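Asker: Sequence:
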Amino acid sequence: MNNKAGREMVAVRTVRGAGRLHCSDREYNLSPGSLLLFDFPSLERYATQTAPWAFWWFEFRLTEPFRLPAHQVMNAPYSAQEEAACGDIFRLLRSEEIAIRCRAAALLQSLLFEWWAAAALPHDDNDRHRHKVQQLIEAIHRNPEKPWTLQEMASRAGMSISSLRAAFHHTTGKPPAQLRNEMRVAHAYELLKRGDQTVAEVAAQLGYCDPFHFSKVFKTVYGFSPSTILRRIR
Numbered sequence: 003m004n005n006k007a008g009r010e011m012v013a014v015r016t017v018r019g020a021g022r023l024h025c026s027d028r029e030y031n032l033s034p035g036s037l038l039l040f041d042f043p044s045l046e047r048y049a050t051q052t053a054p055w056a057f058w059w060f061e062f063r064l065t066e067p068f069r070l071p072a073h074q075v076m077n078a079p080y081s082a083q084e085e086a087a088c089g090d091i092f093r094l095l096r097s098e099e100i101a102i103r104c105r106a107a108a109l110l111q112s113l114l115f116e117w118w119a120a121a122a123l124p125h126d127d128n129d130r131h132r133h134k135v136q137q138l139i140e141a142i143h144r145n146p147e148k149p150w151t152l153q154e155m156a157s158r159a160g161m162s163i164s165s166l167r168a169a170f171h172h173t174t175g176k177p178p179a180q181l182r183n184e185m186r187v188a189h190a191y192e193l194l195k196r197g198d199q200t201v202a203e204v205a206a207q208l209g210y211c212d213p214f215h216f217s218k219v220f221k222t223v224y225g226f227s228p229s230t231i232l233r234r235i236r
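Per the numbering used here, residue 3 is the first one in the sequence shown, and the count goes up by one each step.
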């Protein structure tokens with residue numbers, strides 16, 4: 003499946019006990035504190051090794067290349083704060099309001115990078131920048147209609163523009179403007195799926211003065227125009 007159509011992924015975070023997950027490429031042994039990201043279509047089966055096997059299971063779709071390593075077991079300490087964050091994500095996902103579900107997506111994205119950082123990176127000055135980037139990502143998800151220029155993002159994070167670019171690349175593997183665009187059009191996608199707004203109305207709601215520019219940004223991310231969604235549901 004290509005990235006434009008969407009790559010179906012699963013993140014498994016083991017809390018207690020142990021389990022074994024069988025994919026088409028190999029088997030994975032998951033112990034407490036482990037994190038595994040894998041392509042959902044590769045899943046064959048999974049089973050408990052040490053009961054009770056308690057874990058969080060997140061299914062999500064990617065539309066762009068992701069920096070986090072897939073099909074590789076990582077390990078990071080599990081915390082009470084993480085338990086609360088996972089619970090919040092599932093609670094928010096049950097909401098019928100799009101804005102609240104987008105908040106859940108923001109929290110999951112932030113949590114994924116936090117897991118990876120804890121598993122793969124040393125605890126140094128990068129931790130401070132990584133936390134600022136995570137907070138900024140959540141702010142953009144909460145307020146996608148704001149312009150979020152590079153200067154505004156840098157000011158919000160308390161960094162220079164050059165430091166912001168470096169921190170974003172270090173944490174997400176993407177430039178801040180690219181990630182901003184992806185988050186805004188992801189919100190637009192959810193709005194368009196409701197079918198009660200035109201492309202121009204959604205563009206205006208998200209702060210785009212020119213619907214043609216909005217359509218161009220949308221197509222860059224998803225590979226098709228926003229009007230395609232409206233045609234599919236009518």
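Keep in mind the hints are simulated off the structure, nothing from the lab.
Nothing here was measured: the structure is a model prediction, and the numbers come from that model.
Don't take every hint at face value.
[What the hints assert, rightly or not] Pairs of lysine-lysine, DSS-like flavour, derived with a Cα cap of 27 Å: (1) K148 with K218; (2) K176 with K221; (3) K176 with K134; (4) K195 with K134; (5) K148 with K134; (6) K148 with K221; (7) K218 with K195; (8) K148 with K176; (9) K195 with K221; (10) K218 with K176.
[Unchecked claim] Restraint-style ranges between C-beta atoms, simulated for each label pair: (11) E192 with R158: 36 to 46 Å; (12) G89 with H133: 19 to 29 Å; (13) E147 with N31: 26 to 36 Å.
Ideal Cβ placement from N, Cα and C applies to all residues, glycine included.
Asker: The structure should be examined with respect to each hint, and the outcome stated for every one.
Answerer: Hint by hint, here is what the structure shows:
Between K148 and K218 the CA atoms are separated by roughly 18 Å; this keeps the pair inside 27 Å, and the hint holds. Taking the CA atoms of K176 and K221, the gap is near 18 Å; set against the 27 Å cutoff, the hint holds. Of the pairs offered as hints, the one joining K176 and K134 holds, with about 15 Å between alpha carbons and a cut-off of 27 Å not exceeded. Proximity of K195 to K134 is assessed by CA-CA distance (about 32 Å); at most 27 Å being required, the pair is judged violated.
Of the pairs offered as hints, the one joining K148 and K134 holds, with about 18 Å between alpha carbons and a cut-off of 27 Å not exceeded. Only pairs whose Cα atoms come within 27 Å are accepted, and K148 paired with K221 is accepted, the gap being roughly 20 Å. Taking the CA atoms of K218 and K195, the gap is about 18 Å. The hint holds against a cut of 27 Å. Only pairs whose Cα atoms come within 27 Å are accepted, and K148 paired with K176 is accepted, the gap being roughly 20 Å.
At most 27 Å may separate the alpha-carbon atoms for a hinted pair to count; K195 and K221 meet this at roughly 16 Å. A C-alpha spacing of about 19 Å is found between K218 and K176, which places the hinted pair at or below 27 Å, so the restraint holds. The beta-carbon spacing between E192 and R158, approximately 24 Å, falls outside the hinted interval of 36 to 46 Å. Against the hinted window of 19 to 29 Å, the Cβ-Cβ separation of G89 and H133 comes to about 21 Å, which satisfies the hint.
About 45 Å separates the C-beta atoms of E147 and N31, a value inconsistent with the hinted range of 26 to 36 Å.
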